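Novice: First residue of the sequence shown: 1, per full-length UniProt numbering; consecutive thereafter.
These are computed hints drawn from the structure, not numbers from a lab.
Computed from a predicted structure; not experimentally measured.
Every residue, glycine too, gets a C-beta built ideally from N, C-alpha and C.
Warning: the hint list may mix true and false statements.
As the list claims (entries may be wrong) - Simulated restraints on C-beta separations: (1) A31 - Q10: 18 to 26 Å; (2) D212 - E22: 37 to 45 Å; (3) K180 - R32: 32 to 40 Å; (4) G115 - Y209: 45 to 53 Å.
Stated by the list, open to error - Heads up, simulated DSBU-like pairs for lysine-lysine below, C-alpha to C-alpha not over 35 Å straight-line: (5) K119 - K71; (6) K171 - K191; (7) K169 - K122; (8) K204 - K106; (9) K225 - K119; (10) K71 - K225; (11) K140 - K225; (12) K171 - K48; (13) K137 - K106; (14) K122 - K191; (15) K119 - K204; (16) K204 - K225; (17) K180 - K119; (18) K171 - K106; (19) K180 - K131; (20) K137 - K191; (21) K169 - K191; (22) K106 - K169; (23) K204 - K171; (24) K122 - K180; (25) K191 - K204.
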Amino acid sequence: MYLAICDDNQASISRTETLLREYFQEKKQEARIDTFSDTASLYEHLEKERVDLLFLDIVLSGEESGIETAKRVNELAPNCQIAFLTNYLSYATEIFDTEHCYFILKNELDQRIEGVLEKAEKRARDYHGRKLCISSKEGKYLLNLEDILYIEHVGRDSSVVCRDGVVYKGKYTLDEMEEKLGGAPFVRCHKGFIVNWERVTMWKRNVLYMEDGTEISVSRSYREKVNGSFCQWRR
Numbered sequence: 001m002y003l004a005i006c007d008d009n010q011a012s013i014s015r016t017e018t019l020l021r022e023y024f025q026e027k028k029q030e031a032r033i034d035t036f037s038d039t040a041s042l043y044e045h046l047e048k049e050r051v052d053l054l055f056l057d058i059v060l061s062g063e064e065s066g067i068e069t070a071k072r073v074n075e076l077a078p079n080c081q082i083a084f085l086t087n088y089l090s091y092a093t094e095i096f097d098t099e100h101c102y103f104i105l106k107n108e109l110d111q112r113i114e115g116v117l118e119k120a121e122k123r124a125r126d127y128h129g130r131k132l133c134i135s136s137k138e139g140k141y142l143l144n145l146e147d148i149l150y151i152e153h154v155g156r157d158s159s160v161v162c163r164d165g166v167v168y169k170g171k172y173t174l175d176e177m178e179e180k181l182g183g184a185p186f187v188r189c190h191k192g193f194i195v196n197w198e199r200v201t202m203w204k205r206n207v208l209y210m211e212d213g214t215e216i217s218v219s220r221s222y223r224e225k226v227n228g229s230f231c232q233w234r235r
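When you get a sec, could you build the whole thing from the sequences and use the hints?
Specialist: And the structure:
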């Protein structure tokens with residue numbers, strides 16, 4: 001596993017790195033860990049290397065906050081999971097503007113580090129690298145699950161909408177698509193839609209807002225299912 005730490009406080013970097021190395025040593029697992037005290041060097045590194053998990057301080061000195069840094073990381077390295085570190089609970093509501101896997105108070109890191117790493121490893125195993133096979137008139141397409149925004153059923157076709165704006169169509173029911181996708185982070189929220197939680201930027205009342213700006217309603221008959229899926233995904 002390849003991990004990175006970005007924090008402008010050297011003492012915090014040292015503590016986080018020590019806890020991580022102790023964890024992997026105890027588990028007899030190998031891990032690469034790199035540290036960064038500024039965002040410029042982090043961005044430059046992410047353009048060259050694939051990091052599995054970034055431990056990121058929410059409060060960074062300078063013009064850019066950790067939240068803004070996370071958004072940039074999401075763009076540069078969409079496969080990189082983020083664990084936010086902070087001394088302040090007041091930032092908890094802001095993290096939903098980014099893709100992340102954990103929010104941790106720094107004084108609780110030693111108690112929660114095992115759960116963070118287990119969750120990150122599980123998400124990487126269950127999600128990244130898996131593909132969806134779509135058969136169409138043109139042939140068969142193998143789509144990375146992480147690239148899918150949502151699936152819409154219109155007429156006899158299911159349209160798979162991806163992050164790059166390309167839409168792939170195949171003659172599938174949404175029941176068939178649900179079976180292919182295998183559950184979280186995908187959930188059916190409407191008789192005509194399946195969404196990818198990883199690509200939802202906001203959930204407000206009964207509307208899911210997707211990365212591309214699409215607004216998808218959560219119908220009454222699917223609310224319980226959506227709530228359950230969300231809890232499973234965030235576990």
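Novice: Broken hints, numbered, in rising order?
Specialist: Those not satisfied are hints 4, 12, 13, 18 and 22.
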